[in-house]
Structure formats: structure tokens, C-alpha cells
Amino acid sequence: MRRLRQAYLLLRSDLRQELRDFELVLTAGFFTVVLLAMFYLSFAALQAKAHVAALPGLLWLTVAFVGVLTLTRVFDREREADTLRALLAAPVDRLAIYLAKAGMTLVVLLLCSAVLVPGLWLMFPAGAGFAAQPWATAALVVLGCVGYVAVGTLFAAGLATGSGKNTLLFVILYPVTTPLLMYALVTTRALLDGDPAVVDYLGQMVALDVILFTLAALLFESVLVGAAAKPPTHAARSDRRAPPVA
Amino acid sequence: MRRLLPELCLIAAMPLLVYSVQRVFLHTPNERTMGTAFKIFFFHVPMGWLIMIMAVICGIAAGVQLRRRSRRAGCVALAASELGFVTGLGVLLTGPIWGHATWGTPWTGDARQVSTALLWLILVAYLLLRHYGPRTSERLASALAIFGAVNVPIIYYAVKVWKTMHPSNEVVGKLPPEMRASFWPCLLALVLVALGLFAVRIRQLYLADELDEAWVRSQDRAA
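Protein chains in written order, with numbering that gives the first Met the number 0: chain A, 0 to 245; chain B, 0 to 222.
Rather than coming from a laboratory, the hints here were simulated on the basis of the structure. Values in this document were obtained by computation on a predicted structure and should not be read as measured data. C-beta: ideal position from N, C-alpha, C; glycine also.
Which chain A residues face chain B? A few, computed with CB under 8 Å, are given here:
#, residue
1, V150
2, G157
3, V170
4, I171
5, P178
6, M181
7, L218
Chain B stretches covered by chain A per the calculated footprint, using a threshold of three residues with CB under 8 Å from any CB of chain A:
#, stretch
8, 117-127
9, 144-152
For reference, chain B alone in the conformation it holds in the complex (with noise of 0.2 Å):
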């Protein structure tokens, strides 16, 4: 059962997500001063949310990477680091489709818009030190983890500390009654999405090591 729980994660997402998609556009009303372009924001705060859960999870992992030598948490930080530029990449190409419609312009230079970009940055950064740094870059790669995931508050916080225009943190528990109904199940489909991928990438991640693994056990035996 419990190897079987990504993929459970999957199939309970796939008819949520289908209808997630038609309560919002065909089931809620469309907000009063940002018409049709405010339903992005039932995509776009979840995968918001979820790219910053997947820099902890990511930092944690790499933590505990870099303190016991553990192959499987590397897999969980790679795993949680790419799911998180995913999300990431949905967030940053939402959110300045949601800003041309309401702020007339796409980027505002934002301080939520640019620590979340760095943020997305510095996990492009990680991936990239993962498959193309040197030979010692896996304890690298784990502090930059690391430095990502102090970076989680930061993010979480710019819109208090920089006075921005993004709105604030609070603006979910303040929607109407019939829009928040239409954002937990889309935040639910989306977390259902990701779990599923996240535990088979994980999954993957670590039968790639065990034959790698394999192979080595192999050739020293023949050696």
C-alpha cells in the first residue's frame, strides 16, 4: 500500500485537478476590480506555496545530506529541488500574466516578485551544481540548499518588510466565501500533483544509485 501511494497521490489528483479547473472558470464569480485574470490566483498561490515547501524540504534534505553522508536524503533534495523549480517556473510565468491584468504591467521590481525569483534562482543553481560541479560539489550544493531555505522567510516576509504592492499574506483567509470554497480544491489537487511526483522522483532517484551501485559491487568483483 504504501509503495503504491505516489501513484494513489496521482489518480486522486488528475479528476480534483479537471474539477478544480471547471469551478473555477465556469462556478465562481469573477472578482470586481480584476475580472477573469483574478483566477490565476487559484494556480498561482498554491504553486507559490508549494515552491517554497519544496525549498525547505529541499534544505532540510540536504542538511541532513551534509551531516550523515545520507545517499537517500540527497534524493529527496534533488527530488524536492526540481519539483520546486517547477512550481517555481509556474509561479513566475503566472504571476506577471495576473500583474499585466491588474497593475497594467507585468514586472514591477516587487520585492515578493524578486526574492521569489531568487529564490527559483538559487534552485537552478543547486540543479546545476548537482550535474555539472565538481567532484566535491554534493556537500556544495547542500550549503547552497541550505542558504535557499533560509531564504524561505525572507520571501515570506518581503511583502511586510518592503511595504509592496503584492498582497499580503493574510489575502487568502480574506476572500468571499465562494471563491475560497474554489481555492481549497485546487490547492489540494496541486499538493496531491506534487506528492505523486515528488515520491516517484524520489523513487527514481534512488534505484538509479542502487544500480550505479550495482555496477560498482560488479566491477569490483570482477576486478
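The following block holds chain A by itself, in its conformation from the complex (with noise of 0.2 Å):
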């Protein structure tokens, strides 16, 4: 009880720091209209047919790019003011940092999903299955962003208590996060078909997501500040370099 009311106390802080400029919905916001505008200049042009086939990719992949953006601004916000240190030297339990920073980027990517599904339901005519069964599509997103961040917030906060190199999240993420992705592919595509199929699809993207979210949440710890140090014959080696032989 008291890890939540933690993790609820670091929403409500990054979620009023939000409010102040609205930085991160609105510059995710504002590349879900571009990857919207360039699919729709890319795509409208083909068959209705091959519509149902590319909307799938189309929803997921513009998910992933925008998730990892987010991502990476949240984690940025606190490196930039040196914050996540002393968060983590805080008396506050590792694990709702985590539940703090997945709800935060959920958030987001769930607001950026507000936009992406309506428009792709007026740029395509095949989206029309999404407003068809509004409810399936709704879970069928909330379900997608929860296995992305749950995984993302991970990767996203390893990277962030390192030094720099950022953009080691998209070769990291983008492979890990596919099967997951796979999984929404293959539902978004039944949902569009309006295959009863649908229903045994979300409840095996259910099982990944709480499969994911358990695994990134007993990891977090680890990867954010490692284990136990052990005594220091052992520790404090693997940072040391010997340097090339000339």
C-alpha cells in the first residue's frame, strides 16, 4: 500500500510538471498528426484492400516510434536536473519509481492514442473496424501501450542512469518489444476482419503484458542500481579498463 501511494505521489508530481507546459504531449502529440499525415500521403493511394493489411503496421509502428520518444524525454527530464539520483537515494521503494514512470509515459502514448485511432479512421476506409467495436479497440490499445511501457520504462531507465547514448533505446527496445507488437499486429488485424477470434487474442495479450510487466518490475532494481555489492576484491572491477595493447 505504501509503494502505490508512492508511485502515486511521483505521478502526481510528474504529471503537475506536465501541466505546467505540456512538453511531452505535446511534442508526441504533434509527431502522432506528422507519422499520421506522411502514412496518410504514403498510403491513401492504394486499394481498400490493402488498406486492412498496412493499418495493423501502421497503428503499431507509429506506438513504437512515438513510446520511444516519450521514453526518452521522461528519463531526460530527471537527468537533466540530476533528479534521478536523488530519487534513488531517496527513502522511496525502487519499484514505484517504476510504477511512476510507466504511468507517466501510459499517459502519454494513451493520449497520443486518442488521436492516432480516430485518424486513422478518417484517413482509411478500412479503419471503420475500429469504430465499429470502439470497446475491443480501446482494450486492444490499452493493452498494446502497457506491454510497451512496461518494457520501455526498464530499458529507458537503465539507459538514463548511465552516460549518454540514448539512442541505444531504439536498438534495444525495438527488438524486445516485437513479439509483444506481433501479438497487437495479429489482433488489430482480426479486429479489422471482425473475427470473433478478437476476444482469445486480447486475453493472450493480457497474459504477455502481465508476463512483461512482472519481469521488467522484478528487474527494475537490478538494472537501475545493481545488486548487492559484494566485498570489494570483486566489485569495483568491471568499471576498470586496461587499455589496448600497443
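Starting from two chains that each stand alone, build the complex the way the hints lay out.
What follows is the structure, given as C-alpha cells:
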């Protein structure tokens, strides 16, 4: 309960900061609209049959791109003000930090999805499938975003504690989250086709989300600060490297 | 004797590999519908199993490294990822050749193909992170390897869940006896090669680490 309260307080602080300048929501939202416009210019001329095949990809590619942008920015804020170190030194449960950051990213991603899904529906006739099953669409988007955020927060936090090289987030996150995005693609396709198996697929996505979220939550502390230190003979050696032999 | 085990594995694998190749190409009958292309199966399947085994070993070793700060586990994880990379490359090269001959197209976007490619990409990302990542990247790389290991059951069940064109997981058991008899020597030869290289690479990485440590100690003493 204490952990949840800490997570709530941290999330509230992040949301309050966001409400002051709307930096994350505006940049991620604008990026979503730009991607939508690019997709429209590239694929609007295709036949309606091709739209059904392309739409799931467009949806989840946008989520993947916007997700990385948001995750990078969420932790950049902490890094710029050097507050992540302070947060780690404070008597705050590490899991609460994870939950708060994941919550913040999820809020931004869901707001972007609220622009993205209606945008796809308006731009492509095949998107009518989203409007035909609004609850299934909402569940699909939430489940996909939750899984993505669960994994993304872990790796973005790990990179934020290191020295730079945020570009590695792209290298790590896309391969790791693609199984989830594959499930999301299959489910979106089933939804657009009106396939009754969509409920089963959503169930499988729930299971996958639970696995990813649990694993990420378990690993968060170890990735962020490392395991408890061993005696000094073995500690502190890994950071030192011998110079290349001439 | 234990120290010579990797070399023994490699030495034993050499004649076995030659025997397997000649047995597969000269003494195993062609499959009725797929013809000669089916011969790829005898090398493709063992490599497919090996990438999954290596990903699991990498994930477990990375977990130990993360939990206990064990450098030896770090070496095991890195060696497993490198071997997984090589066997994965073998699978991804032989699979499309077989696919072209049987399905008429090298890449169908089949769930098994895509998920194997993804597992391979995770191993590539792990290697990139270990080599080019920031100071704390070893912890991050460990987490990545653990996620890679979790991906393995997804790959295994991909064939069942997504109703793909890829042969099912029980295909080896359904082979005719003369084909199955050729499959086991191939599997054994490739497993021996993988084991030998794996052990040699672990030893090499560990020695490199020891060398680093010795250099740091000598610098400390000089200071």
C-alpha cells in the first residue's frame, strides 16, 4: 500500500510538471499527427484491400515510435535536473519509481492513441473496423501500450542512469517489444476483419502484458542500481579497463 | 581431462560432421514432394534448436550475473550470445533457401520465421550493448538477455498459436526411420561443435578478464 502511495505521489508530481508546459503531450502528439500525415500521403492511394493489411502496421509502428520519443524525454527530464540520482537516494521504493514513470509514459501514449486511432479511421476507410468495435479497440490499444511501456520503462531507466548513449534505446527496445507488437498486429487484423477470435487474442495479450510487467518490475532495481555489492575484491573492477595493447 | 573437454568435443565433431554430410547427401533418400531441398532440414533444425538453447543459456547466465555480479556468468552469457548469433545466422540463411524450394518464396512473414529473426535481433542488440554500451550497460544487457530467453517459448509455440505454414514442432518424430537415422548424427555433430566453441570462447573471455584484472592490480601497485 505504501509503495502504491509513493508511486501515486511520484506520478502526480510528474503530471503536475507536465500540466505546467505540456511539453511531452504536445511533442508526442505533434509527432503522431506528422506520422499520420506521412502515412496518409504514402498509402491513401492504395486499394481499400491493402489498407486492411497496412492499418495494423501503421497503428503499432506509430505507437513504437512515439513510445521511444516519450520514454527518452521522461527520463531526460530527470537526468537534466539530476533528480534521478536524488530519487534513488531518497527512501522511495524502487518499484514505486518504476510504476510512476511507466504510468506517466502510459498516459502520454494513450493520449496520442486517442488522436491516432480516430485519425486512422478518418483517413482510411478500413479504419471503420475501429469504430464498429470501440470497446475492443480501446482494450487493444490499452493492452498494447501497457506491454510496450512495461518493457520500455525498464530499459529507458537503465540507460538514463548511464552516461549518455540514449540512442541505444532504439537498438534495445524494438527487438524486445516486437513479440508484443506482433500479438498486437495479429489482434488488430482480427479486429478489422471482424474475426470473433479477437477476444482470445486480447486474452493472450493480457497474459503477455502480465509476464512482461512482472519481469520488468522484478528486474528494475537490479538494472537501475545493481545487485547488492560483494566484498571489495570483486567489486569496482568491471568499470576499469586495461588500455589497448600497442 | 576437464580442461581438454572443449578440444575433445571439436576433435570428435570433425569426423562426425564429415560422416553426417556424406550420409545426408549420399545415403538418405529424397523427400517425395520437396526433393533435394529437404536435405537442408538436417542442418537447419539442429541450428534452430541451438539458437534457442543458447538464448536460454544466455538469459540464465545473465540473470546470475545481474543477481550475483558474477564475472564468470558474464563470460558465459557473452559466449552464448555469440554462438546464438552464429547459429541464428545459419537458421536465417538456410530457412529461406528451403522456403524458396518448398513454398516458392524465401520469406512468407510466417510467425516462426519472424519470431526467430526477432530472437536473433535481440542477441545482436545484446552484443551491441555489451560492446558499445555505456558504463552500466552490462546490467542493461543482462535484462535484455533475460527478455530474449522469455522470447524462446513464444517462438516454440508460435507455430501452434498463429497457425503458420512452418512445419510443426513434432516433425522430427514423424520422419521416416532412414531419415531420422541421418538426423541424429547431424544433430550430435553440430551440438559437439557448438559445445566445443562455447567452452573455448568462455575460457578466452575469462582469460581476457583476468588479464584486465592483472593489469589493474599492477597499476594499483605502481601507484
